[in-house]
Amino acid sequence: MYKYLSILRINWIQALEYRGNAYIGLFAIISGLFIEYQIWSLIFDSKNMATIVIEGSTDGYNFNQLIVFIFLSIIVGQLKSSWMTSSQMIVEIRQGLINKYLIRPISYFWYNFMMFIGVNSIYYIVYTLLLLLFIFIYPDMLFQNNFSIIGFFITLIISIYISYCIYFIMACFAFWFGEVRSIVVAYNLGMLMISGQYMPIRLFPKEVLNILQWTPIPYLVDFPVSIATGLVLITNSIDKIILSLFWCVVLTALSKIIYNFGIRQYEAYGQ
Amino acid sequence: MKHMVNRYFKVWLAFFRNTLSRDMEYKTNFIFEIFIDFIYYGSLFFFFKVIFQFIDQLGDFNQDAVIIFLVTMYIADSLYVFLLGGNVFNINNNIKSGDLDFILLKPINSQFFISCRYVNTHTLISILILSVLLIKLTYSYHDNSFLIINYIFFIPSLIFGMFIFYSFEFIIASLSFWFRNFSYAGWLAGELIKYSRRPDSIYKKWFRNILFTIFPMAMICSVPSRILIFGVNIKLFFLQIFISILFLWITTLIWRRGLLRYESASS
Amino acid sequence: MFIQVKNISKSFKIFKRKAGLKSAFKSFLKREYHLFHALKNINLNINEGEIIGILGENGAGKTTLIKLMVGLLHPNSGEISINGYNPWDRDHNFLQNISVVMGQKNQLWWDIPASESFLLNKHIYNLDDKAYDYTLNELVDYLDVRDKIDVQVRRLSLGERMKMEIIAALLHRPKIILLDEPTLGLDVISQSKIREFVKYYNIKHNTTFIITSHYTRDIQEMCERVFVLNKGNPIYDGNFNKLIKNINPKRRLIFEFIKSPNQKFIQNLSCKYHFTINNKVLTAILEESDLQALLNSLLKKYSASNISFEDLPVDDTMATFFKNPNQYIK
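Chains as they are written, first to last, in this note's numbering: chain A, 1 to 271; chain B, 1001 to 1267; chain C, 2001 to 2330.
No wet-lab data here; the hints were simulated from the structure.
Predicted model, so just to flag it, every value in this text is computed and none were measured.
Idealized CB from N, CA, C, for every residue including glycine.
Please note that the accuracy of each hint is not assured.
So, partial list: chain A residues that the calculated Cβ filter (under 10 Å) puts toward chain B [unchecked claim]:
#1 Ile35
#2 Gln38
#3 Ile43
#4 Phe44
#5 Ala50
#6 Ile52
#7 Gly56
#8 Ile117
#9 Glu179
#10 Arg181
#11 Ser182
#12 Val185
#13 Gly190
#14 Met193
#15 Met199
#16 Phe204
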């Protein structure tokens, strides 16, 4: 257990070196929100709308509620993302550097997970501070329901874990193909939109939403944010939580299976 | 002067040939890069499709106009990536790896060399497809007519817009002379460039004025697309030229200062 | 004077930090620097057509000096003049006449044949077709890589890659070429080929070569003159062989007896001279005069089936030198 904690610690130290990333991350949140704010106020003003129809709410959402939802979506969306860890894993596989893990009593899946958490830790800290600041300024917009804080926390952890598994699976394709990096880039770009980071998925056309329900995508951004904003009550969503945990199990199993296949391939051919 | 242009063009051709020959080695990657472009374009398109469930007009851009704007943006993006985009954020790596030293030792403008060294050949295909699409869209937007004058102004406007795009990213990338671990420069630039990727009409008036002047993001895609949609606006066109030359000049200043700093600090 | 380096000094800021989480947080707020003096008051004059070696251990300042001479760095004080130019002005006429090859770094494109990179250089240096073809053929034939120039650089061996780098660096017939660790990592044959090439090219084109290396063999084979740096200080500028003689005038004598020598004789001899004896072979490492005296003593009583004198490996000599340079420099 300690070995994983020490990996975490090293990554925290390294993450502090990259403090600039945190500043840019903050800027990205505020800038992104600013653009969304412009678009939605134009829409609300020109249509003289008081509320917008949003899946899961009978009264609809007013402008402020929508903006807060988008604000939190951008934050959660960033928290679950990764560029560094998956690139690093791909490089390690392609260049045969994975050997150093194979000869040690360590699980590559969990090692990488610690890296993932470690590298993103600076964002966890900085964005939490941002959220706390927001709640301090606008105390009535988030976490109004019972257990919503802990519900948000749990679903956020699940979201990060699911996201990690997806990155891990994609990176495993490096055992067979060269340019897996392109797949990760495409995934990140696509996810920006489809996970609801900038446009709540609840506003998507119904057909699209129905397809998404069959994937783990709603659990990446929408589920945690809906709980925090009160659109969904944690007490009514036990089934959804169980479903998200089911996805965790499925993706973990898939990760391990694909990894084992890949390792066998790796050992058979060198690298 | 003519001799110099000729020489630089020959050098660029050599860059193009070398990159093409290298890219042909990695065919899957070539195809993947095109695939990535279209995922990105597709997701932006999807974004606006959702928006248009709620509204028919974004300022003076209706749905068709927004689509023309988007395709213009894709072409501007591809053109930039073709000529310059792949290199700008490598400046940080070039500094770290010492490649910059080799570039500085050649009797050729180092800013040109570092900005044009690798040509993103795969974008040629995107540019081709998108250009055909754009012609079709503008044709039907103007009730099935070709407004030649628009295209004549569109092309230089697109190029000047590209220079502004380049200037912005280059200025940000050059900050790595002052901040050694500036690996997130690309991210910062991406967030700023986002302002150019929405039709300027979504922004409030005071902010729009900024976008057409000191933070000229609207100059990159909005101006050329407006030419195709609403016709030529001579004032705006010349403003774009002025701003693009101004910002290009600023890049040369920053590059020179950056090199001075590099020479006093590198070890 | 072709190349003039006057009173050059250069220091760098080095960022320091201790290990641990607490220090990491501290550095988040404030960074600590200390000054590292890479070069102190360097004076060096080089004539056109010389081959000069710059010798020193790692961190002695060799690469810093090279970078200053080509204008990649600004000094903190002092001046450099190369053929009348100030290097860091980076005048294109100046750059047209210099070339740098760095042993560890490639300037050739990795995935395409070297010939393509050569063509790129042709356009960059604005070479006309005839001159380019002539120079290229001359270089390719001498270095014997004709069948390799159309192979992707990544597929070449280290030695072949180095040869290609040198060709790329010489296509524009520079007057001055700086080689930074040119034989690093190469096999013995490639090293030797590169050294021969440098001497040949220097004679043929009167090109000035400035070579840095921490392989003393490189310097010994290629350079008559050597400029030695120790921790940023210039400590010797002159003939290399003279330096070696100053440091360690010892040589090795190997004397093979025909008949096994008398034990008493050997014992007596060992009181006066230090040597080892194995079977019938005596090996002694002594100064020249002692060696002669020993040999005379041996020859008075015994005949030899074989006698040989050897110079000690230069690297060992230099290692001794760097341990305490002041001991050897007057």
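A quick look at each hint next to the structure:
no., hint, verdict
1, Ile35, "6 Å, holds"
2, Gln38, "5 Å, holds"
3, Ile43, "5 Å, holds"
4, Phe44, "9 Å, holds"
5, Ala50, "13 Å, violated"
6, Ile52, "7 Å, holds"
7, Gly56, "16 Å, violated"
8, Ile117, "19 Å, violated"
9, Glu179, "4 Å, holds"
10, Arg181, "9 Å, holds"
11, Ser182, "4 Å, holds"
12, Val185, "6 Å, holds"
13, Gly190, "5 Å, holds"
14, Met193, "4 Å, holds"
15, Met199, "6 Å, holds"
16, Phe204, "6 Å, holds"
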